[in-house]
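Asker: Throw the hints in and build the complete structure from the sequences for me.
Protein chains: 2
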Amino acid sequence: MATSDRSITRRGLIGGGSAATVGLLLEHPDVSQAAKRRRPRPPRRRQADVLVVGAGAAGMAAAHAVAKAGRSVIVIEARERVGGRVENHDLSGGEIVEVGGTFVGPTQDRMYALLREVGLGTWPTYDEGQTNLLLEGKTTRVSNTDQSTYVGALGLVGGLEVLNVFPQIDQMAREVPVGAPWTAGRAQEWDGKTVETFKNEHFQSAESRSLFDAFLRILHGAGPNEVSLLFLLSYVAAAGNETTPGTLNSLIGTTGGAQQDRIVGGSQRLFVEIARSLGSRNVVLSSPARRISQDGSHVTVTTDRASFVGKQVVVAVPPALCQRIEYEPLLPAVRDQLTQRFPMGSYAKVEVFYPQPFWRDEGLNGQVVGEGVIGCSWDSSPPDGRPGVMACFIGGDRHRAWNRQNLPTRRKLIVDELVRYFGPRAAKPIDYFEKRWTGAEMWSRGGPTGFAAPGVLTGFGEQLQTPFGRIKWASTESSDYWIGYMEGAVRAGQRAARQVLADL
Amino acid sequence: MATSDRSITRRGLIGGGSAATVGLLLEHPDVSQAAKRRRPRPPRRRQADVLVVGAGAAGMAAAHAVAKAGRSVIVIEARERVGGRVENHDLSGGEIVEVGGTFVGPTQDRMYALLREVGLGTWPTYDEGQTNLLLEGKTTRVSNTDQSTYVGALGLVGGLEVLNVFPQIDQMAREVPVGAPWTAGRAQEWDGKTVETFKNEHFQSAESRSLFDAFLRILHGAGPNEVSLLFLLSYVAAAGNETTPGTLNSLIGTTGGAQQDRIVGGSQRLFVEIARSLGSRNVVLSSPARRISQDGSHVTVTTDRASFVGKQVVVAVPPALCQRIEYEPLLPAVRDQLTQRFPMGSYAKVEVFYPQPFWRDEGLNGQVVGEGVIGCSWDSSPPDGRPGVMACFIGGDRHRAWNRQNLPTRRKLIVDELVRYFGPRAAKPIDYFEKRWTGAEMWSRGGPTGFAAPGVLTGFGEQLQTPFGRIKWASTESSDYWIGYMEGAVRAGQRAARQVLADL
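So the sequence lines, in the order shown, correspond to chains A and G. Take the first sequence: its letter number 12 is residue 12 in this note's numbering, and every next letter is one higher. Count along the second sequence starting at 1, add 1000, and that's the number in this note's numbering.
Note that these hints are calculated values from the structure, not bench results. Heads up, a few of these hints could be off.
Stated by the list, open to error - In silico negatives: residues of chain A with every beta carbon more than 10 angstroms from chain G:
(1) 137
(2) 194
(3) 215
(4) 243
(5) 260
(6) 277
(7) 344
(8) 353
(9) 356
(10) 358
(11) 456
(12) 459
(13) 503
Unchecked claim - Taking CB as the label site, the calculated pair distances span:
(14) G:1202 <-> A:177: 30 to 36 angstroms
(15) A:185 <-> G:1405: 54 to 60 angstroms
(16) G:1409 <-> A:296: 21 to 27 angstroms
As the structure is a prediction and not an experimental result, all values here were calculated from the model. Heads up, the beta-carbon is just placed ideally off N, CA and C, and yes, glycines get one too.
Answerer: Now the structure itself:
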């Protein structure tokens, strides 16, 4: 679970705070799972036109669309809160920081539309000054608005490789059909190799290789040796919309990219507002779905305490979590095997708090990209810059090594590295908060998203969106555009809602 | 489930027959799972020194070793039978054929020792005559004892590639430490690429590439694009024992290889005999483990009907199935993520029955290797050759295409292909039996074994055998030698038993 070593939170129940404000309380907060098992009671039974399993971004978008179409809907959620991989962490004074999905940016049209619909604004991520790099043991600085600075920072060979190969990746991505990457002309070739093999073919300089590794760790929570080249290309292709093709820069960029804007009130608030509009009775928390059975007329979702009967269900959890539910009848073979082949990345997000964002005074934007524990960071301070918040992302092999340590060591590793990037003022944070999405909690099993090893998209990918009778699948992994982002989750949820409404 | 289109079985409950003969009946055969959930009753509670989850080869070997050490043991099994991926299918007249793991061969020392211990003999797999190949649309024949025949069958380039590269794979495998492939000197390099990339580097001829693909489909139930080169090399390295290094030929060979011998009474009988020796009360069938909790003194395994308390537990199911159990406390992050990254192959085994093994008259051993639906086949007739049984293995992409068809089409695809290999006498089988290990049943989720995509062994592999407190892991995937075979399962089970006994 989330760990704070000094209380800066307003409420005891970290992460549950926002949900509580809209009345989405635990149904029986004093009864443990084990106690419930020892004293079985007759299960309750409820009905709705549509059931939604999972109250993350995809599930809430699906439920919202179903409700707008005038159909009844019940959302069934394992956690004690809504939001899934999107979670606010409360700071004193009413400010929040996000410990999961945070940003929105250009071409993420559905997110901006939903935000407008519920009346939430956005404001630009701090992006003035230089970005720090740590590659091959050396710290250097580059400008986000002048790519030629990479030549100075990475050396001539490495800099030119980045300037040449990144656009080449964009070109290859344009050959990958969004939503159906397995139909690309070169799908078999690209799904036959790892991103590591591609890296070996295209990057010779130690610096450019190190930079590429750092990006991969943060994009997928995995090393280039784990990820299919076709999956990376499909991810790049998806970083756009119906009129603007995706690019690597849209994925990793701040201004003009996926990290451009932040959401007033924090990203989780969007989904809390949707939950409020559905009514707290229709968002059932702390209720893991154990079993989904369907027949000629209905589908039933069974939890430890109740059963829910609907005409259709949207299962809005990542493929890796889908397989922890029992299905009757069994899933089709290829769908079941897909869920065995879409692991969650190795991932954590750490927020380090300072009295103010001192790096701004020194001409730094707070962003780092590097080979150390911290793969990337962003300045995540509230609008007024009080406190200064450094959000650090830790992924892949770096996450596994860091995550094995105890809390004091984990904290020291992060703070020491921030000192290396930002000088001695980074040595004295006023607070430290970490969200370990991998291993420390049950309902994500990793982050930021599921990814595909070679052979998976071409062999099993068509099952990402293919309904199984009354079951329609959602989750950002099954989106067309913006796979892995909140936008992708919303798109997947809205698509699943359309599938459900068409079959009602 | 298993499907027979003409009744040649002696008992109504296919696959449960052998278990029933030793009294391992369903505890409440008349009560369906659903009915049980509607009418909860107070769970029963039982105790033993050691609990074993999974009555497959690994679990039974573990339980046997624990019992021999004088400790009490209870085996908890989801299916209504013992054996796991090892299952006998009864023929009329008391003969059986195996629809899962079947063969034993040189260096599989623990299997031969266990067979001797329970008094079961072996007899040689039929291996006289030529093997059929189907590559690039052409059927040709080779001799198992004269590799130079591959030059004639595959053409000069393809034949020489096979004769050169297969020994090269053996050489590389010798650099891979058995039981710890992630410590190999070139582990990062080999785990960074797919077997497909290796194939592209080493095989130019269409015929040798096609042959290599066929072997991979049957070895792992996967294409070379899905599998890490390091995993393949570790699999080859494991195909031996402490004194004899593994080779590709030991994996795929008949006489002198892993398919050399068959077990009198069928392979499942070994594990049924072990179950008998444990006592039917100590092998609890039809009881999926739902939850495993441990504290400072005990471990508890909870099923739908009962709870079992022990000092130690061996979880003897494949990694992909381990993740469908709930753990309290949660698994370590890297172990949980390993279980997300060890998918089961795509696999089925089909037995086609003829009045006699007519192919023997024509100088054929009944073995095929080819690019069609059937990846490999073996003559699996009973010792007296009545009936003639052709055992066909279907894996990877071929399995996925075949498995989508209905039963008459699946049967036609197989029989038509056998006609292509063996002529018109193959057109009139007297029976047809298929075991679809992937998708058609809950408790394997694929076959023949779990495999590792690139990046998995180096990033997560050390968790295959690492205990988590009172939980020790077994299953053939976690063995040192003979990963993926019954021998590997027995070795893993015996190793887990040693770990458990040391901690009692």
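Asker: Each hint: holds or not?
Answerer: Results of checking the hints against the structure:
Every C-beta of chain G lies more than 10 angstroms from that of residue 137 of chain A, the closest at about 19 angstroms, which supports listing it as non-interface. A beta-carbon of chain G is positioned within 10 angstroms of the beta-carbon of residue 194 of chain A; the least distance is around 5 angstroms. With a least CB separation of 16 angstroms from chain G, residue 215 of chain A remains clear of the 10 angstroms interface cut-off, as annotated. In this structure residue 243 of chain A is separated from chain G by more than 10 angstroms, as the shortest Cβ-Cβ distance comes to about 33 angstroms.
Distance to chain G confirms residue 260 of chain A as a non-interface residue, since its nearest Cβ pair spans about 31 angstroms, more than 10 angstroms. No Cβ of chain G comes within 10 angstroms of the Cβ of residue 277 of chain A; the nearest lies about 33 angstroms off, and the non-interface call holds. Its beta-carbon lying about 6 angstroms from the closest one in chain G, residue 344 of chain A breaks the requirement of being farther than 10 angstroms from that chain. With a least beta-carbon separation of about 25 angstroms from chain G, residue 353 of chain A lies farther than 10 angstroms from that chain, consistent with its non-interface assignment.
Separation of residue 356 of chain A from chain G is adequate, the least Cβ-Cβ distance of about 34 angstroms exceeding the 10 angstroms criterion. The beta carbon of residue 358 of chain A is kept farther than 10 angstroms from every beta carbon of chain G, the shortest such distance being approximately 33 angstroms. In this structure residue 456 of chain A is not separated from chain G by more than 10 angstroms, as the shortest Cβ-Cβ distance comes to only about 7 angstroms. Look at residue 459 of chain A: its CB is around 6 angstroms from the nearest CB on chain G, not clear of 10 angstroms, so calling it non-interface is violated.
Look at residue 503 of chain A: its CB is around 22 angstroms from the nearest CB on chain G, clear of 10 angstroms, so calling it non-interface holds up. For residue 1202 of chain G and residue 177 of chain A, the Cβ-Cβ distance of about 32 angstroms falls inside the hinted range of 30 to 36 angstroms, so the restraint holds. Judged by the Cβ atoms, the range 54 to 60 angstroms given for residue 185 of chain A and residue 1405 of chain G is violated: they are separated by roughly 28 angstroms. Remark: the range hint 21 to 27 angstroms for residue 1409 of chain G to residue 296 of chain A is upheld by a beta-carbon distance near 25 angstroms.
Consistency note: the structure conflicts with the earlier hints numbered 2, 7, 11, 12 and 15.
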